[in-house]
Amino acid sequence: MAMQTAPIAPSVNGLSATPESLLLQHEVEQTLYLEARLLDDWNLDEWLTLYTEDARYVVPTTDLPEGDPESDLVFIDDDYNRMAARVVRLKSRHAHREYPWSRTRRFIGNVMVTATDGEEVEATASVAVWRFRAGESSPYVGRYDVRLRRVDGHLRLCYKRAILDLEELSDHGALSIIF
Amino acid sequence: MNIESLVYDRPDLGKFRVHRSSMTSPEIHELEKRRIFDKCWLYLGHESEVPNPGDYARRVVAERALFFARNRDGELVVFHNTCPHRGALICRTDHGNAQVFQCFYHAWSFNTSGELVGMPDIDGYGPDFDRAEMSLRSPRFDSYKGFIFVCFDQATESLVEYLAGAAEYLDLVADQSPAGMRVIPGSNRYTIKANWKLLAENSIDGYHALPTHQTYFDYMANEVGGNVPAINNRQGFGRALGNGHGVMENDAIYGRPIAMWHPYFGEEARPEIQRIKDDLIARHGQEKALRMCEKSRNMVIFPNLVINDIMAVTIRAFQPTGPDSMDVIAWEMVPADETGNLLRRRLDSFLSFLGPGGFATPDDTEALESCQHGFRSGGVEWSDLSRGFHRDPRGNDELQMRSFWRRWQSLVADLPHVEQFERGLTLGEMPEVLPSPELSVAADN
Numbered sequence: 001m002a003m004q005t006a007p008i009a010p011s012v013n014g015l016s017a018t019p020e021s022l023l024l025q026h027e028v029e030q031t032l033y034l035e036a037r038l039l040d041d042w043n044l045d046e047w048l049t050l051y052t053e054d055a056r057y058v059v060p061t062t063d064l065p066e067g068d069p070e071s072d073l074v075f076i077d078d079d080y081n082r083m084a085a086r087v088v089r090l091k092s093r094h095a096h097r098e099y100p101w102s103r104t105r106r107f108i109g110n111v112m113v114t115a116t117d118g119e120e121v122e123a124t125a126s127v128a129v130w131r132f133r134a135g136e137s138s139p140y141v142g143r144y145d146v147r148l149r150r151v152d153g154h155l156r157l158c159y160k161r162a163i164l165d166l167e168e169l170s171d172h173g174a175l176s177i178i179f
Numbered sequence: 180m181n182i183e184s185l186v187y188d189r190p191d192l193g194k195f196r197v198h199r200s201s202m203t204s205p206e207i208h209e210l211e212k213r214r215i216f217d218k219c220w221l222y223l224g225h226e227s228e229v230p231n232p233g234d235y236a237r238r239v240v241a242e243r244a245l246f247f248a249r250n251r252d253g254e255l256v257v258f259h260n261t262c263p264h265r266g267a268l269i270c271r272t273d274h275g276n277a278q279v280f281q282c283f284y285h286a287w288s289f290n291t292s293g294e295l296v297g298m299p300d301i302d303g304y305g306p307d308f309d310r311a312e313m314s315l316r317s318p319r320f321d322s323y324k325g326f327i328f329v330c331f332d333q334a335t336e337s338l339v340e341y342l343a344g345a346a347e348y349l350d351l352v353a354d355q356s357p358a359g360m361r362v363i364p365g366s367n368r369y370t371i372k373a374n375w376k377l378l379a380e381n382s383i384d385g386y387h388a389l390p391t392h393q394t395y396f397d398y399m400a401n402e403v404g405g406n407v408p409a410i411n412n413r414q415g416f417g418r419a420l421g422n423g424h425g426v427m428e429n430d431a432i433y434g435r436p437i438a439m440w441h442p443y444f445g446e447e448a449r450p451e452i453q454r455i456k457d458d459l460i461a462r463h464g465q466e467k468a469l470r471m472c473e474k475s476r477n478m479v480i481f482p483n484l485v486i487n488d489i490m491a492v493t494i495r496a497f498q499p500t501g502p503d504s505m506d507v508i509a510w511e512m513v514p515a516d517e518t519g520n521l522l523r524r525r526l527d528s529f530l531s532f533l534g535p536g537g538f539a540t541p542d543d544t545e546a547l548e549s550c551q552h553g554f555r556s557g558g559v560e561w562s563d564l565s566r567g568f569h570r571d572p573r574g575n576d577e578l579q580m581r582s583f584w585r586r587w588q589s590l591v592a593d594l595p596h597v598e599q600f601e602r603g604l605t606l607g608e609m610p611e612v613l614p615s616p617e618l619s620v621a622a623d624n
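Going line by line, the protein sequences match chains A and B.
Take 1 as the starting number for the first sequence in our numbering and just add one per residue.
Take 180 as the starting number for the second sequence in our numbering and just add one per residue.
Read the hints as simulated data drawn from the structure, not as lab findings.
Any given hint could turn out to be false.
What the hints assert, rightly or not - Chain A regions said to be covered by chain B (calculated; three or more residues, Cβ under 8 Å):
1) 57-70
2) 87-95
3) 168-178
We treat Cβ as the ideally placed atom computed from N, Cα and C, and that holds for glycine.
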């Protein structure tokens, strides 16, 4: 099944760079890098502040990357409230798959701004999260589709769809981290 | 260790123990393949996955590549996924729709009933070439209320006989909607590096729920603004269902999408849920309808199928890939006519607890792998499953696990199987359960 990838508007695809588009590209990249850094550091409270309160975080299943959480089974479909609960859980020492916490290192690449409408920015990125725990040392690989909005001068994430390229969760047996 | 003595079953002493070599030994794993997985009925898939002629889906069951389909006449068909010609896989995508199944290797083509209908350069074969002999091969299969099973032994009893008391519990799921039930797109596919029987145990183990899944109960308590319910005291029981199948049936902890309202679902969902409940009572009578609506059920159908009818309905099948690893696939099942808000709330309810990204399933995976690591520690030969041996079986006792293990022992050692129902209960009888004063929050609504 073909992955659905957002079309890239010529005005924002980097080929006709303007000072504004370069600045926006930089800001989007820095936001995604910051998120990766905070998650790798397990600084989850700070991570949550990168999201707006109407945010949604979706991870489709490996066999249905185009899955719609309104009608299909997905791995994760969190509103801000459940993202916050996920943070509480992961910090509690009772999320047994992540106690002790795994070591992770996130690599973000191929960041492309795909659309802007003044209010919000859409972007995609490639991601590999290496996770090390209990003898496991393999990456979660996939793509982020994100939407960001400016709040008090900073870009904040209001939507993240994290699509796994893995065929199944054969190495780590779960998606116990925030991907 | 004697293969006939892996289960120590002494009601007189209140002791039930399982030898840990059953979880670690490669020899026992090989015996299980021949004596359990080659003989028992094994879950393949659900008919709703192939609703239209030409629809197909593929699976691996007991290491065998299979696929099932709906033929041109709308009948269910199941095939070994191998070309009768030279062996290549016929079906190479997980699901889809086809008018013919063509092997890519030499381009032999089969219709949706599995008959060989064409190949290139047929003149290369003599006049006596027998096409029928070269049709796709089917394993023995049958379906019960849409649940499709296969069996690789012609001598095994019929599916309905095999299911024994589990059939009634499948009814409690299948009859939830007059429109039938359907498996929705998307599945959870993951590997657990632990013996497959640990997942069978875990799936009908009420005792672990509170300690292992504390973060889930904390989350729900916070969501609905209450305390963690006294689930260890909720009303419920465990039952042996015959042939090693077992169930625990308990008061629901929180609401159930079918059809017990809970504040978690929101006030606007209340009239609709009440309407479904009234409808179920009208169709099935008070007793069966209230069990459907207000009780949670976690069932193992021996050996490797779990149907959990809890905060959502999940079907979970697991295939051993060695003594210390298994592949798991889990699906979600919903009433075929459920849409809109009710469907959305059901999907949400599933994700709060279940699945590799839920607030509970990753911790079960951790627990099972932890046990498997623990077995390697040595020093302890036996695991204990004696909980509740001395009393009428409660939902968080271990009768249902003991019935699994008794069946396992008789099959793996090739011993005659004698059904034992603890506390004098025979198949079909429901344990008498006195109303508990400590009903859950949800049961009051």
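### Task
List in ascending order the numbers of the hints, as given earlier, that are violated by the structure.
Result: no hint breaks.
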